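First to last, the sequence lines map onto chains A and B.
Going letter by letter, the first sequence gives residues 1 to 186 in the numbering used here.
Going letter by letter, the second sequence gives residues 1001 to 1585 in the numbering used here.
If you're looking for bench data, these hints aren't it; they were derived computationally from the structure.
Treat the hints with caution; some may be incorrect.
[What the hints assert, rightly or not] Derived Cβ-Cβ restraints for the label pairs, each shown as a range:
{"#": "1", "chain 1": "B", "residue 1": "1177", "chain 2": "A", "residue 2": "182", "range": "58 to 66 angstroms"}
{"#": "2", "chain 1": "A", "residue 1": "53", "chain 2": "B", "residue 2": "1349", "range": "44 to 52 angstroms"}
{"#": "3", "chain 1": "A", "residue 1": "62", "chain 2": "B", "residue 2": "1170", "range": "44 to 52 angstroms"}
[Unchecked claim] BS3-like, lysine-lysine: derived pairs with alpha carbons at most 27 angstroms apart:
{"#": "4", "chain 1": "B", "residue 1": "1068", "chain 2": "B", "residue 2": "1189"}
{"#": "5", "chain 1": "A", "residue 1": "88", "chain 2": "B", "residue 2": "1313"}
{"#": "6", "chain 1": "B", "residue 1": "1189", "chain 2": "B", "residue 2": "1374"}
{"#": "7", "chain 1": "A", "residue 1": "88", "chain 2": "B", "residue 2": "1189"}
{"#": "8", "chain 1": "B", "residue 1": "1549", "chain 2": "B", "residue 2": "1374"}
[What the hints assert, rightly or not] One-sided and incomplete, this derived list gives chain B residues near chain A with beta-carbon spacing under 7 angstroms:
{"#": "9", "residue": "1177"}
{"#": "10", "residue": "1178"}
{"#": "11", "residue": "1180"}
{"#": "12", "residue": "1184"}
{"#": "13", "residue": "1308"}
{"#": "14", "residue": "1309"}
{"#": "15", "residue": "1313"}
{"#": "16", "residue": "1315"}
A quick note: this is a predicted structure, and the numbers were derived from the prediction, not measured.
Think of the CB as a built atom: it goes at the ideal place given N, C-alpha and C, for glycine as much as any other residue.
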Amino acid sequence: MSALKIQQGSSRHSAYDLRDPNAEVIETHTLAVIVDNEPGVLARVIGLFSGRGYNIESLTVAETDHEGHRSRITIVTTGTPQVIDQIKAQLGRMVPVHEVHDLTVEGAHVARELALLKVAGKGDARIEALRLAEIFRANVVDSTLESFVFEMTGAPEKIDAFAELMRPLGLVEIARTGVAALARGV
Amino acid sequence: MSQQMTGAKMVVQALKDQGVEVVFGYPGGAVLPIYDELFQQNEIRHILVRHEQGATHAAEGYARSTGKPGVVLVTSGPGATNAVTGITDALMDSIPLVVISGQVPTFMVGSDAFQEADTVGITRPCTKHNWLVKDTDRLAETLHQAFHVATTGRPGPVLVDIPKDVQFASGNYIPPQAARTEHYAPRVKGDIDAITALVELIETAERPVLYTGGGVINSGPGASQLLRELADATGIPVTSTLMGLGAYPASGKNWIGMLGMHGTYEANLVMHGCDLLINIGARFDDRITGRIADFSPGSRRAHIDIDPSSINKVIRTDIPIIGDVGHVLEDLLKIWKARGRKTDREGLAKWWAQIDEWRAVNCLAFRNSSELIKPQHALQRLEALTRDHPDRYVTTEVGQHQMWAAQFMGFDAPNRWMTSGGLGTMGYGLPASIGVQVAHPEALVINVAGEASWLMNMQEMGTAVQYRLPVKQFIINNERLGMVRQWQELLHGERYSHSWSESLPDFVKLAEAFGCKGIKCDHPDQLDDAIREMLDYPGPVIFDCLVEKHENCFPMIPSGNAHNQMILGEAETQGVIGDSGAVLV
Chain A
1 MSALKIQQGS
11 SRHSAYDLRD
21 PNAEVIETHT
31 LAVIVDNEPG
41 VLARVIGLFS
51 GRGYNIESLT
61 VAETDHEGHR
71 SRITIVTTGT
81 PQVIDQIKAQ
91 LGRMVPVHEV
101 HDLTVEGAHV
111 ARELALLKVA
121 GKGDARIEAL
131 RLAEIFRANV
141 VDSTLESFVF
151 EMTGAPEKID
161 AFAELMRPLG
171 LVEIARTGVA
181 ALARGV
Chain B
1001 MSQQMTGAKM
1011 VVQALKDQGV
1021 EVVFGYPGGA
1031 VLPIYDELFQ
1041 QNEIRHILVR
1051 HEQGATHAAE
1061 GYARSTGKPG
1071 VVLVTSGPGA
1081 TNAVTGITDA
1091 LMDSIPLVVI
1101 SGQVPTFMVG
1111 SDAFQEADTV
1121 GITRPCTKHN
1131 WLVKDTDRLA
1141 ETLHQAFHVA
1151 TTGRPGPVLV
1161 DIPKDVQFAS
1171 GNYIPPQAAR
1181 TEHYAPRVKG
1191 DIDAITALVE
1201 LIETAERPVL
1211 YTGGGVINSG
1221 PGASQLLREL
1231 ADATGIPVTS
1241 TLMGLGAYPA
1251 SGKNWIGMLG
1261 MHGTYEANLV
1271 MHGCDLLINI
1281 GARFDDRITG
1291 RIADFSPGSR
1301 RAHIDIDPSS
1311 INKVIRTDIP
1321 IIGDVGHVLE
1331 DLLKIWKARG
1341 RKTDREGLAK
1351 WWAQIDEWRA
1361 VNCLAFRNSS
1371 ELIKPQHALQ
1381 RLEALTRDHP
1391 DRYVTTEVGQ
1401 HQMWAAQFMG
1411 FDAPNRWMTS
1421 GGLGTMGYGL
1431 PASIGVQVAH
1441 PEALVINVAG
1451 EASWLMNMQE
1461 MGTAVQYRLP
1471 VKQFIINNER
1481 LGMVRQWQEL
1491 LHGERYSHSW
1501 SESLPDFVKL
1511 AEAFGCKGIK
1521 CDHPDQLDDA
1531 IREMLDYPGP
1541 VIFDCLVEKH
1551 ENCFPMIPSG
1561 NAHNQMILGE
1571 AETQGVIGDS
1581 GAVLV
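Just chain A, with the same shape it has in the complex (with noise of 0.2 angstroms):
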């Protein structure tokens, strides 16, 4: 890795990467991660993580290209730069995955997360509620007297912060998609 590839967690304005590289900084990286869509794909990346004793902060699958059996796992992992190249080179040596990108240090990305929140509660509690939701641009998807569901889509740090305004004002139940990420442009 070149030395002066900036990274997320290094001194990100500065003109230099002034991070040790042999530190023990606890990195977040995000992997897209593109496989063939067969039975058993998806044990095979989770055993190499639980096996491994790597970490899991989110994982996505889908199906993204039917024709060519194609799945694009997204994983939001933490480690050391030594665990994450390991991550890296470990994926990258399953028969059945095609690509591994490193979202973080392959330049900018987007990543977006669902979230659908219930929130339960009367009166001011109820109003203020709904008020951070158009703030927050969050949809109501379901409604009784006493409770919403929200809907909201964006990066995991603002689903964060909602359901922590949300905590207070009756948070009931969260359910939360994981990251999907792209690389900015083309």
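Got chain A sorted already, so can you dock chain B onto it with the hints?
Just chain B, lined up with the frame of chain A:
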């Protein structure tokens, strides 16, 4: 091109088209259709083992000694689960195996049917890849892909699970050339810039070392040839892991012995003191590196490996070269020659003088006895009496005897030494020797064994007798689990918890019961004659060599220590260590 046939027939046809001559297997309900097809042909030989683990190790021995993939055929459920140890062993040591397992019919999968197990689930982490074939039309292509994956890149075991109804049904057969395999194509040519950078370091290094491993052997005989050329032309000392013995000849002038936990004093001190470490097809296993923080502290490191995940896995590398050893060494030699065959002659001469000093320690020295057979002596005599055999193969079990065999037997050619390195599977050697002998019927095949390991798969003597395979089982019998006992003595306060056998069989009677020859020897004066008797006997032999019970295997780097913290045996007590040895613990 395509032909209609049953799935069972396809299996046999695919094996023939892949050039398979021998299958090691054991029949059962879910593979009966395939066995029926095997019965009706004469091209493929089937070796009936006595346990499926034996089939996998035999196939490993076959593969390791021929360079061809080993093929295993087992039934569903227990057949497949029994094969798991051998499959894992092959994965750890990068041995190409194609394991074909029967499965309950597709419509019964998931119903907890008789002899049903989730074979692809169980073997997913211990194969390079595996497949459950649900459609007979996909079977032929899957089998061809299985051979491709097992033998391409870093070799390893693959498994194809075939439900019984898929074996009975008819489908289209396609030959190997028509199968899609292009997607799995690991890179074999190394990056020329990286190779050039390594050549530059070779030109100026004062204390270089070639640390070679099983990858050189897996790359084929050409790679071993190129390694010899490189070592002899540059004058760089060569050490090797357990798996790589024979790639550079033990009689070669640059050979400094095996490295690692029970490696030679000179090899480990060379690793510790070198300024350029060139790893060729090895993987910095923990038995090699000792304590990571103190591993080879003053060296630049280059690592040639076909598997990118081996690079920087354990030890940080300055020059990673991803590619096949043979291809990389060819380019390396070409570039080194083109740049004028430069080395630091003066530096190397000093380096060799230092190595010769370390060699003078004679680290493998042991105190011999005229009353008891010392295990080291037994292996020295076995080596002396078989070294000149034109066609010798040696397999081992796992433990002290394995390390002594590696220390005291010399291999001048690749593919002659079969041992379980990564997984350390007791019970490997006997079935492996059977696989080797099947591949080389006229050769001398010796399994150097410990009695405890050997008992783990001794049922395979039945296989040796049935197929008249004259394998020599040379059992170093100390009535102990020797390596466990050694660790207990040195590291667990001499508390010998369950490390001896109180009821060993009479091995000579056991041999008679199996229908082969048994020889017992318990005195050094009779040892040579007894070994000759074993060698002269035309059939399989169980040789019970009763040795000193409490001998330890030295040198030893205790787990978690650095290379220069080695325990020496007799060499130390003889007081031959000079000032340079003062650092030793």
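Violating hint indices (sorted, rising): Hints 1, 3, 6, 9, 10, 11, 16 are the ones this structure does not satisfy, whereas the remaining hints hold.
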